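Model the full structure from these sequences, guided by the hints.
2 protein chains.
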Amino acid sequence: MRVVVPFAPDRPKTRLAPVLDEAERAEFARTMLDDVLDALSTLDRERSLSLDPFVLSTAPVDCDAPVTVDDRSLSDAVNAQLPDSADDPPAAVVMADLALATPDALARLFAPDADVVLAPGRGGGTNALVARDPDFAVDYHGASFRDHREITREAGADLAVVDSFRLSTDVDEPADLVEVLLHADGSAFEWLDGAGFELAVAEGRVEVERN
Amino acid sequence: MRVVVPFAPDRPKTRLAPVLDEAERAEFARTMLDDVLDALSTLDRERSLSLDPFVLSTAPVDCDAPVTVDDRSLSDAVNAQLPDSADDPPAAVVMADLALATPDALARLFAPDADVVLAPGRGGGTNALVARDPDFAVDYHGASFRDHREITREAGADLAVVDSFRLSTDVDEPADLVEVLLHADGSAFEWLDGAGFELAVAEGRVEVERN
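For the record, the sequence lines run as chains C and Z.
So that you can map any letter, position 119 of the first sequence is 119 in the working numbering, and since no number is skipped, the others follow by simple counting.
So that you can map any letter, position 39 of the second sequence is 1039 in the working numbering, and since no number is skipped, the others follow by simple counting.
Just to be clear, a hint being listed does not mean it is correct.
Stretch-level coverage of chain C by chain Z, calculated; a stretch enters the list once three of its residues show a Cβ under 8 Å from a Cβ in chain Z [as the list claims (entries may be wrong)]:
#	segment
1	45-59
2	130-144
3	174-188
Quick look at which bits of chain Z chain C covers, simulated, 3 or more residues with Cβ under 8 Å [said to hold, decoys possible]:
#	segment
4	1061-1075
5	1160-1166
6	1176-1184
7	1193-1206
With the C-beta cut set under 10 Å, the calculated list includes, among others, these residues of chain Z facing chain C [as the list claims (entries may be wrong)]:
#	residue
8	Leu1100
9	Asp1104
10	Ala1119
11	Arg1122
12	Gly1125
13	Ala1137
14	His1141
15	Thr1169
If you are wondering where the hints come from, they were derived from the structure by calculation, not from laboratory data.
If you're wondering where the values come from, they're calculated on a predicted model, not measured in any experiment.
Don't be surprised by glycine CBs; every beta carbon is placed ideally from N, CA and C.
Listed below in structure tokens is the structure:
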């Protein structure tokens, strides 16, 4: 199955600006992309799923997968990759900032045989999906999970929802770095660890601090 | 299996104070407890798991399950309910603010046969667990998921981790209400809906607003 991994190297992770400068954000975003591609590749190898991942990037990027450059909006660029007619093959979309994605978590995205499979992100987003129905299209603006559920319903397609903490965790804000430090062990974790980030407990809440 | 549902009716959900007054927080916390008990009871009925849920409360509460009152700290009160010796039966702990918990999500907590099963909460917490090893004990202060992983390792017990977005979502802060409005349909959702809460999209982020 074709697996689209959208990536925007030109505007990396602006909400992490309170803790990382622009060059660091670009580096860190790149480690997360590498981890996602690595998890997909391991899953494909271990379970022979015939996954065909490629990066859908707003600008050229040198990485361990084919790259298609499309500088349109995320929704327009992704929709151009989804099936248009019943003859088109299905496609999956997996966000590039899922630093907690493991082969096991991603396997659950590909397991259901439903027309549309959605993995919700925290805060109303859609972090990963599979589209087998040509009438399904993405709209990433706003509460996309709700919209994608509605678009699926309107298409008369059947829906499966993947209940995964790992796939629900996209890394956008400083608080999300807690999850990477606690639950990940790939290059994004290594990068944060090397940059001096560690867990700190303040007033009963877990945060990150940088040394 | 005995299932401990800790509940603190006297200090309900202080971090929701920006959007709910104290009486409202008490009511809302109570709807979440009801939803968790209902999900456990449905799971038990549908799958004959012989679950035996009870509320471990800091003060008397009238609800649809037996209540044990223990006003010690959360960790002390829970540890008094966990197995102490190899002769003691296993026990589970499920937090009372898991408004997104469904029978299917909870079934995944009881499925592994491991000595210790942990369901991480977002932000380093432990939202649900099963303890079959008498050397396991809880410590909810700080990054409890990390501590529980370490306590399991020190006990020489084997560990299973449940990857569930629903079980990872405890409702503590206004941003968490987004998840209830999007993904729940029980009495907590009904209460929020009746109180005038709805989703709002502001600067690309999904929040709640109250009418």
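How the hints compare with the structure:
Coverage of the segment 45-59 of chain C by chain Z is violated. Counting CB-CB distances below 8 Å, 0 residues qualify, and the rule asks for three or more. Interface restraint, the segment 130-144 of chain C with chain Z: holds (3 residues with C-beta to C-beta distance below 8 Å; minimum three). With a threshold of 8 Å between beta carbons, the proposed coverage of the segment 174-188 of chain C by chain Z holds, since 5 of its residues qualify and at least three are required. Only residues whose beta carbon comes within less than 8 Å of a beta carbon in chain C count, and the segment 1061-1075 of chain Z has 0; fewer than three means the coverage is violated.
With 4 residues having a Cβ less than 8 Å from any Cβ of chain C, the segment 1160-1166 of chain Z passes the three-residue criterion, so the hint holds. Evaluation of the coverage hint for the segment 1176-1184 of chain Z: fulfilled, as 4 residues show C-beta separations to chain C shorter than 8 Å, against a requirement of three. Check result for the segment 1193-1206 of chain Z against chain C: holds, 5 residues qualifying (beta carbon to beta carbon below 8 Å, three or more required). Given the 10 Å rule on beta carbons, the hint for Leu1100/Z holds: about 9 Å separates it from the nearest Cβ of chain C.
With a cut of 10 Å, the hint placing Asp1104/Z at the interface with chain C holds, because the nearest CB-to-CB distance is about 7 Å. The criterion of a C-beta within 10 Å of any C-beta in chain C is met by Ala1119/Z, whose closest approach is roughly 8 Å, and the hint holds. With a cut of 10 Å, the hint placing Arg1122/Z at the interface with chain C holds, because the nearest CB-to-CB distance is about 7 Å. The beta carbon of Gly1125/Z is positioned within 10 Å of a beta carbon in chain C (closest approach about 8 Å), and the interface hint is therefore held.
Against a cut-off of 10 Å between C-beta atoms, the interface hint on Ala1137/Z is violated, since the closest Cβ of chain C lies about 19 Å away. With 10 Å as the threshold, the beta carbon of His1141/Z comes within range of chain C, its nearest partner Cβ sitting at about 7 Å, so the hint holds. Contact between Thr1169/Z and chain C, as hinted, is supported at the beta carbon level, the nearest pair being about 8 Å apart and thus within 10 Å.
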